[in-house]
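Colleague: Whole structure, please, built from the sequences with the hints as guidance.
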Amino acid sequence: MLSETILEMKDICKSFPGVKALDGVGFKLRKGEIHALMGENGAGKSTLIKVITGVYEKDAGLITLQGEPIHFKAPEEAQNKGIGTVYQEIMLCPNLTVAENMFIGRSHNPVVNWKQMNEKAAKLLDSLGIPASPTQELSSCSLAVQQMIAIARAVDMDCKILILDEPTSSLDEDEVHKLFVLMRELKERGVGIIFITHFLEQVYEISDMITVLRNGKLVGEYETASLSQFELISKMLGNELEDISKLKKYEPIVSDSITPVFEARGLSSAAGVRPFNFTIQKGEVNGFAGLLGSGRSESARAIFAADKVTGGEVSMKGKRVKIKTPLHAIKQGIGYLPEDRKDDGIIADLSVRDNIILTLQVLKGFFKPFSLKQAQVFAEEYIKKLNIKTPTPNTPIKSLSGGNQQKVILARWLLTHPEYLILDEPTRGIDVGTKVEIQKLVINLAASGMSLTFISSEIDEMLRTCSRLIVMKDREIVAELKGTELTENDVMNVIAQGGKTRCVN
Amino acid sequence: MRKLIQTFSHLFLPLSVMILLIIINLIKGADYFSISLVNGALYGNIPNILFGASELVILSIGMTLVTAASRGQDISIGESATITSAVFVMFVLQASEVTLFTIVIAFLLSCVVGLALGAFNGTLVSVFKVQPMVASLILFTGGRSIAFMIDGKLSPILANDISNQIGTVIPGVPIQTPIILTVVFIVLVAVLFKTTTLKLYVEAVGINPNAARLNGINPKKIIFLTFLIMGVCSAVAGFIAVNKAGRHDSVNLLKLIMMDAILAVAIGGNSLGGGKFSITGSIIGAYTIEMLNRTLLRLEIEPAMIKVFKAIFIIILMVVASPVVRVFAKKTLDRVRNWRSPSSQSAKLTTTNIPTRKEQ
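Protein chains in written order, with the working numbering: chain A, 1 to 505; chain B, 1001 to 1360.
Don't read these hints as lab results, they were simulated from the structure.
Backbone N, C-alpha and C define an ideal beta-carbon position, used for all residues, glycine too.
Any given hint could turn out to be false.
[Unchecked claim] Simulated pairs of lysine-lysine, PhoX-like, Cα-Cα distance not exceeding 20 angstroms:
| no. | chain 1 | residue 1 | chain 2 | residue 2 |
| --- | --- | --- | --- | --- |
| 1 | B | LYS1199 | A | LYS364 |
| 2 | B | LYS1221 | A | LYS331 |
| 3 | A | LYS187 | A | LYS81 |
| 4 | A | LYS50 | A | LYS160 |
| 5 | A | LYS364 | B | LYS1194 |
[Said to hold, decoys possible] To be clear about the criterion: a stretch of chain A counts as covered by chain B if any three or more of its residues have a C-beta under 8 angstroms from a C-beta of chain B, and this derived list gives those stretches:
| no. | region |
| --- | --- |
| 6 | 289-297 |
| 7 | 329-340 |
| 8 | 348-356 |
[To be verified] Take a look, some chain B residues computed to stay more than 12 angstroms from chain A by CB distance:
| no. | residue |
| --- | --- |
| 9 | PHE1033 |
| 10 | LEU1109 |
| 11 | GLN1165 |
| 12 | LEU1214 |
| 13 | LYS1307 |
Modeller: Written out as structure tokens, the structure is:
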């Protein structure tokens, strides 16, 4: 059933300073095919898309469009050749009408024939079955319809290839369904669609082929029908054991009869995580496992009240407490190292010293500032303890490497001596050496009586540090795994099956 | 010495401008620094600058804080000061006998009004997320009419001895009162910074409000607080201005002073996009602007032309201080240094190799 190939990429390489983003990647798209591009963060999906659309220039390799070699230097060239792209965030102007959004910037004619434009838009919307009127303001449409209009805009440019970069991440189930109807309609017309998403269910519902990337390398191209979810996940995450020292796991004496350090019942937040129960004992390390978008970060954020808490009760050491803002959580002895270091963690222009003392200062109070001398003592103590490589405590944190920035944020929380510390992807985007240091630190902290939640995309890291894994899928807890004999395969199996009652002991 | 340079590096721009202006003035006439004693008070170019810049210095302190936390500017400060001083004048004029007590009560009342105006702007910015310039546009537009309504008539005159002394000199004190008041205000601000964590919080909120929130700082509260402080600054500036003038002119009092206050913040080496800030820089910036105004007068430039020269000066200043030129200057300097001592190249300072240098 394989039909005519419209886009073929061979041995594509693309490097950024210090990173090889794509290394000899090949990709093939056929007429009337929905092709899912899969991989965890940093696998190279976005880079590949940007090479196709001419945002980046490839370093090496060959791209052919219908047998013709192409070399785009700018996104407009790709657009003119019939490659349309719709990004995760809707890149349209909400204050313009639907028709204006569809045709804006497309013509070099300075005079606009409004009547003709609206008629053309109406025809296109009608043919694609999009429920919108051309003269309606875009902001009055639902998100799904806006997304569809973005697609209509791309399709109208005599589109042969349509790239959808996580179009469903802000849509609800009903809206996703509508979008799929449109995608099938386009498929019928012979448009080749590249589909990127983190939702596995959607991949299996709509796609014909799957290409998996990992760490900038091609893992393979598979027919969706013959690739099980488990195989897909293991291909995405990879089984290669990193050449890092085997860490000895600390096994806490955990019994269910002791009052937990922290307990949540029916907790939910505005970020869309379904109500969940959660407990952690003194000296325990547990973790939320699951793919990106499964709700693992949202759950952690709900515990810390980083997103608006919409329901549920929490208690610390058996006593009910109110945690509605991060400050409440900090005062209760909870710390949270955020997933996004740059946006939520570091205060870029401030010195390493100020970044370290920040939270302790907040705890101490507005009218009791630390003296410069005291702050310096704290900073130097933790720079030494965590082996932070910085010229001076006075250096702005932004000039440090990612791993050292992460250690500064860790120092910030350790300085407050929390009873319960949540680490959300503490090892992302940092060098292997620092990764190992952080994992060792987690185990040592637990041994000293601190409770920790450790979240990572790399399952082997979690297996090494956590004694209990809470598996999430589609913003819901689907299983809890315990035991020392857990392997990556077990975890992936559970993620893939999403079995509600499954428990490996 | 190196430490000294480091401390003053962020003050490089305002200080170098000031030195440049002093040189220009000294070329014009060597008597620039001369000070004379008139009626027991000091007069001369320098005291005149300190006297003239009083309101601007106070307002630019508030402007620095608002800019740092909210990443925008309050353009209603002149109008706020006009309203608060209208309240001050109204209270003084209704008193049968003006005593120091009356003045103090009137001043405190105007401060309360200043707080209310600050709270108004602050609520719009922090709770309703209106851009600072748009939020303060409301008072900028309506402020002078409100002041006029409080006045009830055109330019009421403050004809009492105490007001006169606040606006000029107190007999027996050689320094003009507004200078003393400004110094007192600066000291109070310094105490505020010493006894609270305001600077750390404001900078954290201005640089990364998300991270600040996750570390227990409430960005809304901090932004609101900076607008409250701005309100008090407006009240104090209005108090000084109206006593200097001796009458309350709702139309012209501190007219367009927000432009100079914003400029003072910029000359002080502060980013108008918020974040890290230096109050010292802004204060020096404010005095520099006054010095520039008076230098242009002293150079006998036609009054109608003064604004053109001021504009040209500011353009040159901003281009020289722009990151583009700064990076270029730094590179050139490095090249000259390397050329002078090739051996030093291996020991070039970078963030990564400093620790290894220590180990050696």
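Colleague: So, for every hint listed, does it hold in this structure?
Modeller: How the hints compare with the structure:
no.: 1; hint: B:LYS1199 with A:LYS364; result: holds, 15 angstroms
no.: 2; hint: B:LYS1221 with A:LYS331; result: holds, 18 angstroms
no.: 3; hint: A:LYS187 with A:LYS81; result: holds, 18 angstroms
no.: 4; hint: A:LYS50 with A:LYS160; result: holds, 17 angstroms
no.: 5; hint: A:LYS364 with B:LYS1194; result: holds, 15 angstroms
no.: 6; hint: 289-297; result: violated (count 0)
no.: 7; hint: 329-340; result: holds (count 4)
no.: 8; hint: 348-356; result: holds (count 4)
no.: 9; hint: PHE1033; result: holds, 36 angstroms
no.: 10; hint: LEU1109; result: holds, 27 angstroms
no.: 11; hint: GLN1165; result: holds, 35 angstroms
no.: 12; hint: LEU1214; result: violated, 5 angstroms
no.: 13; hint: LYS1307; result: holds, 35 angstroms
Comparing the model with each earlier hint shows violations of hints 6 and 12; every other hint is respected.
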